[in-house]
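J.: Residue-level listing of the chains:
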Amino acid sequence: ETGVTQTPRHLVMGMTNKKSLKCEQHLGHNAMYWYKQSAKKPLELMFVYSLEERVENNSVPSRFSPECPNSSHLFLHLHTLQPEDSALYLCASSQQTGLHEQFFGPGTRLTVL
Amino acid sequence: GENVEQHPSTLSVQEGDSAVIKCTYSDSASNYFPWYKQELGKRPQLIIDIRSNVGEKKDQRIAVTLNKTAKHFSLHITETQPEDSAVYFCAASTGNQFYFGTGTSLTVIP
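If you read the sequences in order, they're chains A and B.
Residues 1 to 113 (the working numbering) make up the first sequence, in order.
Residues 1001 to 1110 (the working numbering) make up the second sequence, in order.
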């Protein structure tokens, strides 16, 4: 599959579970991002990686832990989430950080019970 | 930090009419302003962007204008078609940081 892919597409988890979201980009980009999209709220940038190095962490709770093993893969590890963390989690990539178009994945719809 | 405000939150237009969506930002260091379109159940996709050294950019039926002094930028869609119906998001970026507006739900009535 081309572009940016995300798995799983849907995830239901309890507050004590540990799960991971996966993102893969097939565009040869050097920057990757995690966003949270909640109803009636703007897209919230969570993490930014450039060449596998985290360059931004926007005061995200520690129950969200990102991992970028290489420039094509990005993970978001989830642990002891709260119901208010239920949202659509979008991954994106761009050629570089800065003034470049971001290409989004289809998202993971997360529900925390 | 940056604060991006977007108006209106909903917009309905007749097919063939024009649609205008406006955004304001607070950080004068912002220098990149993309607009994304998100159809129902789909991912956001870039439709047009503008950099701070340009005042206007046009791509077929879509145009964006930027007023750096007033810190606002607008999306203009002319000759709207039903397939333009979607949620549109503006964003302002200072580099690594991207701040999005709350979105405008546009409905084009055939």
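There's no promise every hint is true.
[Said to hold, decoys possible] List of simulated lysine to aspartate or glutamate pairs, EDC-like, C-alpha gap at most 16 Å:
1) B:1037 x A:101
2) A:40 x B:1005
3) B:1071 x B:1015
[Said to hold, decoys possible] Counterexamples of contact, computed for chain B against chain A with all Cβ distances above 10 Å:
4) 1006
5) 1022
6) 1046
7) 1049
8) 1059
9) 1076
10) 1079
[What the hints assert, rightly or not] Chain A regions said to be covered by chain B (calculated; three or more residues, Cβ under 8 Å):
11) 17 to 29
12) 67 to 75
Just so you know, these hints were derived from the structure itself, not from any lab.
Source: prediction; values computed, not measured.
For glycine and all other residues, C-beta sits at the position ideal for the given N, C-alpha and C.
J.: Each of the hints needs a verdict: does it hold here or not?
T.: Status of each hint after checking the structure:
For the hint pairing residue 1037 of chain B with residue 101 of chain A, the CA-to-CA distance comes to about 13 Å; that is within 16 Å, so the pair holds. Pair hint residue 40 of chain A plus residue 1005 of chain B holds up; C-alpha atoms about 13 Å apart against a cutoff of 16 Å. The suggested pairing of residue 1071 of chain B with residue 1015 of chain B is violated, with an alpha-carbon distance near 30 Å, which exceeds 16 Å. Some Cβ of chain A comes within 10 Å of the Cβ of residue 1006 of chain B; the nearest lies about 8 Å off, and the non-interface call is violated.
Against chain A, the non-interface label of residue 1022 of chain B holds: every CB pair exceeds 10 Å, the least being about 15 Å. With a cut of 10 Å on Cβ distances, residue 1046 of chain B falls inside the contact zone with chain A, its closest approach being about 5 Å. Not every beta carbon of chain A lies more than 10 Å from that of residue 1049 of chain B, the smallest distance being close to 7 Å; the non-interface claim is violated. Chain A leaves residue 1059 of chain B outside its interface by the beta-carbon criterion, the shortest separation being 13 Å against a cut-off of 10 Å.
No Cβ of chain A comes within 10 Å of the Cβ of residue 1076 of chain B; the nearest lies about 20 Å off, and the non-interface call holds. No beta-carbon of chain A is positioned within 10 Å of the beta-carbon of residue 1079 of chain B; the least distance is around 24 Å. Using a Cβ-Cβ cut-off of 8 Å, 0 residues of the region 17 to 29 of chain A lie near chain B, which falls short of the minimum of three, so the contact claim is violated. Counting residues of the region 67 to 75 of chain A whose CB lies closer than 8 Å to any CB of chain B gives 0, so the stated coverage by that chain is violated, three being the minimum.
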